[in-house]
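J.: The primary structure of each chain is shown beneath.
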Amino acid sequence: MSLTLTLHTVPEVPLEAEALSPYRVAGLSGIDVAKLPVMHGNRSAELGDFFRAVGRGDGELRIEGDLARVKFIGAAMSEGRVVVEGTAGMHLGAGMKGGEIVVEGNCGDWVGPEMSGGRIVIKGNAGHMVGSAVRGSLSGISGGEIIVHGNAGNEAGSAMRRGLIAIGGDCGDFAGVNMIAGTIIVLGTLGWRSGAGMKRGTVVSMHGAEMLPTFSRAGSYSPVFLRLYLLHLREVGLPVADEHINGIYQRWSGDAVETNHGEILLRELGSRP
Amino acid sequence: MSALRLHSTEVVDTFAEAFAMWAARVIITAETARWAMAAARSMTGFATSVIGCKCEAAIECELPANETLDRRPGVAVLLFAMDQEGLGRRLIERIGQSVMTCPTTACYNGLDGAHKVVVGGKLRYFGDGYQNSKLLDGRRFWRVPVMDGEFVVDECFGVQPAVGGGNLLILGANLAQTLAATEAATAAMRKVPGVILPFPDGVVRSGSKVGSKYKSLIASTNDVYCPTLRAVSPGTQVPDAVGCVLEIVIDGLDVAAVKEAMRRGLHAAAATGVLQVSAGNYGGTLGKYKIELAALLNGAV
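Quick note, the sequences are listed as chains A and B, same order. Note that the first sequence covers residues 1 to 273 in our numbering. Note that the second sequence covers residues 1 to 301 in our numbering.
Just so you know, these hints were derived from the structure itself, not from any lab. Among the clues, some could well be false.
What the hints assert, rightly or not - Covered stretches of chain B, going by a simulated chain A footprint (3 or more residues, C-beta under 8 Å): (1) 66–72; (2) 132–145; (3) 149–162.
Stated by the list, open to error - Pairwise CB distance ranges, derived in the manner of DEER restraints: (4) V54/A - G138/B: 32 to 38 Å; (5) Y125/B - A218/A: 19 to 25 Å; (6) L297/B - G237/A: 48 to 54 Å.
To be verified - Straight-line Cα separation of at most 27 Å, BS3-like style, residue types lysine-lysine; simulated pairs: (7) K191/B - K288/B; (8) K97/A - K35/A; (9) K122/B - K199/A; (10) K209/B - K288/B; (11) K97/A - K116/B; (12) K290/B - K209/B.
Even for Gly, the Cβ is constructed at its ideal location relative to N, Cα and C.
With the sequences and hints as input, model every part of the structure.
T.: Next comes the structure, spelled out in structure tokens:
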């Protein structure tokens with residue numbers, strides 16, 4: 001039987017709850033889980049002050065309620081599964097190494113900061129800084145996948161080094177800013193200044209975008225590698241159309257202020273190979 | 001050797017002697033089936049026998065677009081060599097020279113397993129620093145820039161222990177009868193997954209024995225099956241009524257696949273009324289697998 005936590009008291013200020021991770025509750029009963037420490041603002045508290053816990057930690061953790069103020073769900077997890085039946089707060093899956101987190105609703109800022117493995121799926125929208133480096137850090141996610149079915153805010157994939165970020169809707173400004181490598185795929189539109197300062201890596205959009213003057217258009221083609229990514233995203237549930245898979249993409253090389261080895265691929269609308 | 005019967009065909013009570021090899025499956029895709037096949041044909045050219053070609057390779061099957069990794073038309077190729085290291089070298093050579101060079105192609109590993117050889121990880125250097133890789137779901141692909149876009153290739157290919165040298169000898173009254181029997185046999189054998197028939201259209205006329213009177217040669221003509229040497233070759237195996245002998249060689253991913261291909265080939269050849277079917281062996285001294293023809297007589301085709 002998996003462990004189910006139901007929010008009974010909405011925290012008045014952000015609740016830092018690294019305990020909401022499969023490895024932290026492994027083998028524990030509901031009673032023991034309720035005693036795990038959390039930080040409510042600047043005060044220590046227990047999970048049981050906010051959640052009712054039923055079941056036993058066996059690798060799958062289900063959390064129910066409006067968790068918009070609950071931070072660090074699934075932080076540092078390396079295996080198992082977390083399902084959030086509602087909205088999740090900031091820093092979901094921070095430093096995650098493996099396993100899977102599924103959020104049925106929306107999620108706050110900083111999804112999966114500096115994660116290195118596993119998969120995060122957000123069925124709704126995500127805030128700013130999806131898969132980004134924390135402020136002052138040199139690199140963002142170094143592996144794993146973040147799949148956002150809805151829209152995402154600014155600076156998705158900031159300084160990402162490896163891995164995949166996919167956004168089913170639109171993306172805010174500065175997608176892939178300071179990107180080192182990795183792949184960002186946006187089925188909707190990109191905001192301003194995508195790829196600013198990128199060294200390597202790939203940013204893809206199914207629509208046109210205003211490019212920074214430090215990016216140069218190389219030409220148009222139908223990238224085979226992108227077919228592999230788009231087919232993968234279709235498998236995990238994003239609405240990838242045949243037109244996306246078979247499309248022709250403009251390739252823009254940049255950012256010339258860095259190594260110029262990055263690329264932004266923009267689908268030419270209505271194109272066929 | 002005593003004789004068995006299948007329809008009107010005499011089946012010699014002997015065995016094919018097969019030996020251990022290593023194999024890889026290469027999936028080639030392209031924008032159209034034509035270009036995938038062009039690359040596959042090029043890659044499997046001059047790959048009839050390890051004796052002279054360092055490897056044995058042939059097309060296993062065509063793949064419809066919905067069965068390939070990138071959903072483009074594809075061809076599966078099997079390549080066999082005597083050891084894992086040699087197989088890795090042949091893959092680099094042949095994918096580099098025959099697949100990467102062919103317009104629109106991509107090249108993927110078609111075998112899972114514990115044993116891997118690096119292929120794309122070596123071919124990437126052709127990109128002269130402009131290459132880059134993508135790591136998707138734990139699998140690394142290299143993107144090598146080429147003049148029609150990019151060549152995408154798996155970093156590593158799976159290789160596995162396999163079986164080479166399964167064979168059937170088809171003995172007919174004349175050339176026409178023997179060709180008809182071998183054509184029927186190869187058509188039936190190609191339907192077995194996991195096997196290839198590496199010789200021209202699956203058939204070899206220059207069957208060989210181990211060794212030669214010339215010290216520099218490791219193999220020479222199989223004189224006991226040459227009809228023109230019936231009067232002079234000691235121990236000739238060509239009956240008086242036989243005017244032509246052709247051989248079908250089978251390599252497979254496992255011995256079960258080789259046996260099944262041989263069984264189908266035996267039955268298909270016999271159905272044409274060919275005079276005799278036999279198999280080549282070295283008295284059990286060369287290979288670790290003995291495939292008895294008698295054990296292949298039963299079962300539906």
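J.: All hints, please: hold or fail.
T.: Here is how each hint holds up against the structure:
1. Residue count for the region 66–72 of chain B with a Cβ under 8 Å from a Cβ of chain A: 4. That meets the three needed, and the coverage hint holds.
2. For the region 132–145 of chain B, the stated coverage by chain A is satisfied: 7 residues place a CB nearer than 8 Å to a CB of that chain, which reaches the threshold of 3.
3. Residues of the region 149–162 of chain B lying with their CB closer than 8 Å to a CB of chain A number 3, which satisfies the three-residue condition for coverage.
4. Remark: the range hint 32 to 38 Å for V54/A to G138/B is upheld by a beta-carbon distance near 35 Å.
5. Checking the proposed 19 to 25 Å range against Y125/B and A218/A shows it holds: the Cβ atoms sit about 22 Å from each other.
6. A C-beta distance of roughly 53 Å is found between L297/B and G237/A, which places it inside the suggested range of 48 to 54 Å.
7. Among the hinted pairs, K191/B with K288/B is consistent with the structure: their alpha-carbon atoms are about 25 Å apart, no more than 27 Å.
8. Of the supplied pair hints, the one linking K97/A and K35/A holds, its CA atoms being roughly 25 Å apart against a limit of 27 Å.
9. In summary, the hint linking K122/B to K199/A is supported, as the alpha carbons are separated by about 23 Å, within the 27 Å threshold.
10. Note on K209/B and K288/B: the hinted pairing holds, with a Cα-Cα distance of about 17 Å set against a maximum of 27 Å.
11. At roughly 25 Å between alpha-carbon atoms, K97/A and K116/B fall within 27 Å of each other, so this suggested pair holds.
12. Simply put, K290/B and K209/B have alpha-carbon atoms about 17 Å apart, close enough for the 27 Å limit, and the pair holds.
Figure legend: structure checked against the earlier numbered hints; every hint is met.
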